[in-house]
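Chains as they are written, first to last, in our numbering: chain A, 1 to 164; chain B, 1 to 164.
Heads up, some of the hints might be wrong.
[To be verified] Restraint ranges, calculated between C-beta atoms of paired labels, are given here: (1) Glu13(A) to Asp104(B): 11 to 21 Å; (2) Gly142(A) to Asp152(B): 47 to 57 Å; (3) Leu139(A) to Ala159(B): 39 to 49 Å; (4) Gly105(A) to Leu116(B): 22 to 32 Å; (5) Leu116(B) to Asp71(A): 39 to 49 Å; (6) Ala162(B) to Glu40(A): 41 to 51 Å; (7) Asp152(B) to Gly74(A): 49 to 59 Å; (8) Arg92(B) to Pro117(A): 40 to 50 Å; (9) Glu14(A) to Arg54(B): 41 to 51 Å; (10) Thr56(B) to Arg88(A): 49 to 59 Å; (11) Gly105(B) to Glu14(A): 22 to 32 Å; (12) Asp136(B) to Asp104(A): 44 to 54 Å.
[Unchecked claim] So the derived list for chain B, only partly shown, Cβ under 7 Å to chain A, looks like this: (13) Val16; (14) Thr56; (15) Gly63; (16) Ala65; (17) His85.
Please keep in mind that the hints were generated in silico from the structure rather than gathered at the bench. As the structure is a computational prediction, the values presented were derived from the model and not from experiment. Backbone N, C-alpha and C fix where the C-beta goes; we use that ideal spot for every residue, glycine too.
In case you want the letters, here they are:
Number of protein chains: 2
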Amino acid sequence: MTSTRHETEITAEEKVPTIEIVREFDAAAEQVFRAHVDPELYTQWVGPRSLTTRITRWDARTGGAWAFANDRDGVQIASFYGSFHQVRPHERIVRTFTYEGQPDGVALETLTFVELPGGRTRLRVLGVVSDFQTRDGILSSGMEVGVNEGFDKLDELFAAGALR
Amino acid sequence: MTSTRHETEITAEEKVPTIEIVREFDAAAEQVFRAHVDPELYTQWVGPRSLTTRITRWDARTGGAWAFANDRDGVQIASFYGSFHQVRPHERIVRTFTYEGQPDGVALETLTFVELPGGRTRLRVLGVVSDFQTRDGILSSGMEVGVNEGFDKLDELFAAGALR
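Chain A on its own, in the form it takes in the complex (with noise of 0.2 Å):
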């Protein structure tokens, strides 16, 4: 069996107070798509592979909103939220994103989903906040574990045909 090791790519511009994560998947966008919309599937990739997520808000519709928390061996250790400002099937999410642990904190993100020849997808993701120190200290907090962790999980699950 051969199988494809993709790398994510997490970008910070220098000029700019943004953050790029740039993945493929063998998987087509409405796949890609449809595992960042329906709450069974998000919550079974979604973050670390040391936490659970337990959705508790969820409609991933344009001007809907969803809220998750994060547990650690059945004890919440983490809860976020935001809203769904614009959602587009199979091409393109934006969010808003607020860790609760700091409440005035807030990142608007981007998800385009391209399809790629093969059956391919890359997902972009921009994040963007309003200054570099917030923008820094997300960089700096560990989200890169949960990031690749969780694109590592998505990949598993496109690989065992859950998606089909």
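Please arrange chain B on chain A, whose structure you already have, making use of the hints.
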């Protein structure tokens, strides 16, 4: 009768793609906040004097959403929509903003209401987008006419006692 003419300060940062608007009002923070969440009030003051505002969606709570259209002589000329990411009564509103004429554009706006001595309030609106081209496009769109005339109309509502 002594009347204070309030100026609106609009600042574009050199290093981050933000637009900051600062404006003082002769009204309590609770009143300035209410003028931003009550749809009956909001529609009376927001935007330039040459247009009327027709709200088509409004749920000014954390996780809610909004949409309105601008009409000139009864004909729709523009529409806008977004989410209320966070509504913290009398203190803070975080909302997203898209002009439907540019459906891929989106700004994240944080409004803070700071009580000043003498029953006055300072409103700060900090908007951020993900690149300078978008930011400069907003600045050169003539947005300051709508901002200035809107806040002047809000002054008139306060002076008329409409929010007592």
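Hint by hint, which ones does this structure get wrong, listed from lowest number up?
-> The structure breaks hints 10, 12, 14; every other hint is satisfied.
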